[in-house]
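Here the protein sequences come in this chain order: A and B.
Numbered according to my numbering, the first sequence terminates at residue 146, and the numbering increases by one at each position without gaps.
Numbered according to my numbering, the second sequence terminates at residue 1091, and the numbering increases by one at each position without gaps.
Any given hint could turn out to be false.
Stated by the list, open to error - Within a straight-line C-alpha distance of at most 25 angstroms, the following computed DMTMM-like cross-link-like pairs (lysine to aspartate or glutamate) qualify:
#1 B:1055 / B:1065
#2 A:69 / B:1077
#3 B:1055 / A:70
Said to hold, decoys possible - A few chain B positions that, by computed beta-carbon distances, are all more than 10 angstroms from chain A:
#4 1001
#5 1010
#6 1019
#7 1024
#8 1039
#9 1044
#10 1050
#11 1063
#12 1065
#13 1070
#14 1071
#15 1072
#16 1077
#17 1083
#18 1087
To be verified - Quick partial rundown of chain B residues pointing at chain A, CB under 8 angstroms, derived from the structure:
#19 1009
#20 1015
#21 1058
#22 1079
#23 1081
#24 1085
#25 1086
#26 1091
No lab work stands behind these hints: they were computed from the structure.
All C-beta atoms, glycine included, are put in the ideal place defined by N, C-alpha and C.
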Amino acid sequence: MSGFALPLLRLTASQYQRVVGHCYHGLPDEACGLLVGPVAGGEATGAVSGVYPARNADASSRTYTVDGKDFLRASREAEARGHEIVGVWHSHTHTDAYPSPTDVRQAVDPMWVYVIVSLRDEAPTLRAFRIRDGAIAECQVVLEAG
Amino acid sequence: MAVEIRLPTLLRPHADGAPSVTAEGDTVGAVFSDLTERFPGLSGQLVDAGGALHKFVNVYLNDDDIRYLDALDTKVDEGDVVSILPAVAGG
Ligand SMILES: [Zn+2]
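Bound-form chain A, shown alone (with noise of 0.2 angstroms):
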C-alpha cells in the first residue's frame, strides 16, 4: 500500500446515538447520512463536526441514495463553518459492517471516510473505511465523551 495515513474516525458519544438512531429508524429501509468535519492537506483528518441523517432516495432495503437536497443543505452547513462533507454513512440492515462490491464499485471520494452500520445482530455495528481506487482500509473509530 502506497502509505497514505488513515484518519482515526473521532465522535462524540450523541453523534454516534444519532447516527445509529437514524439507521434503526430507517428500517426496514436502509439509512444514510453525511459526516461534516474539517479538512487539512485535502484530507479528512476524522475529526466530524456534525452528522447530517439524509433521506434514502432509493427507500430500499438493499441500496441507498443520499437525497440532493439532503446534501446540499449539509454542504452549506459545512461551508458555513469552514469545514467540508468528510464522508458518508449507512446501515447494512442484514450483512456486515463492511463494504459490499456496490459501495466500492460507488464510492465518490477518496478522502472520504465511509461508516457501515450493521444491524444484522442485536447489538449495532459501526465501522469506518477508506475506499480507494478500489481499496478498502479499515480506519479506527474513537468514541468520545460529549
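Since the structure of chain A is already known, use the hints to place chain B with the ligand on it.
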C-alpha cells in the same frame, strides 16, 4: 450572465483547488461549457458523451435540482449559484 459555481471537493483539483469559480452563460449548459473551456480537466465530469448531465453528479440552481427544471437548458440569471454535488449511493 455571470454565475457562481460551487464545486465538490472531488472536482476542485481540476479547478486549481478552488471551492467556487465564476462562469458565464445564459443556461446551465452554457455555463458548463465556459467552465470546461477554462478548466479542461472538468470536461467529461459534468456532461456525458451524449451531451446529457452526467449521472454521477447532481446540479442545483440555487435550491432546485435542474433535472426537475430544464436540465442543461435551464436558464440562469446574474448572481445565481449553481452547486455541483456528487451523487452518493451504494448498497
Ligand atoms: Zn453498503
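Verification of the supplied hints:
{"no.": "1", "hint": "B:1055 / B:1065", "in the structure": "13 angstroms, holds"}
{"no.": "2", "hint": "A:69 / B:1077", "in the structure": "21 angstroms, holds"}
{"no.": "3", "hint": "B:1055 / A:70", "in the structure": "18 angstroms, holds"}
{"no.": "4", "hint": "1001", "in the structure": "22 angstroms, holds"}
{"no.": "5", "hint": "1010", "in the structure": "5 angstroms, violated"}
{"no.": "6", "hint": "1019", "in the structure": "8 angstroms, violated"}
{"no.": "7", "hint": "1024", "in the structure": "23 angstroms, holds"}
{"no.": "8", "hint": "1039", "in the structure": "17 angstroms, holds"}
{"no.": "9", "hint": "1044", "in the structure": "16 angstroms, holds"}
{"no.": "10", "hint": "1050", "in the structure": "21 angstroms, holds"}
{"no.": "11", "hint": "1063", "in the structure": "7 angstroms, violated"}
{"no.": "12", "hint": "1065", "in the structure": "6 angstroms, violated"}
{"no.": "13", "hint": "1070", "in the structure": "17 angstroms, holds"}
{"no.": "14", "hint": "1071", "in the structure": "14 angstroms, holds"}
{"no.": "15", "hint": "1072", "in the structure": "16 angstroms, holds"}
{"no.": "16", "hint": "1077", "in the structure": "19 angstroms, holds"}
{"no.": "17", "hint": "1083", "in the structure": "6 angstroms, violated"}
{"no.": "18", "hint": "1087", "in the structure": "7 angstroms, violated"}
{"no.": "19", "hint": "1009", "in the structure": "5 angstroms, holds"}
{"no.": "20", "hint": "1015", "in the structure": "14 angstroms, violated"}
{"no.": "21", "hint": "1058", "in the structure": "4 angstroms, holds"}
{"no.": "22", "hint": "1079", "in the structure": "17 angstroms, violated"}
{"no.": "23", "hint": "1081", "in the structure": "10 angstroms, violated"}
{"no.": "24", "hint": "1085", "in the structure": "5 angstroms, holds"}
{"no.": "25", "hint": "1086", "in the structure": "4 angstroms, holds"}
{"no.": "26", "hint": "1091", "in the structure": "3 angstroms, holds"}
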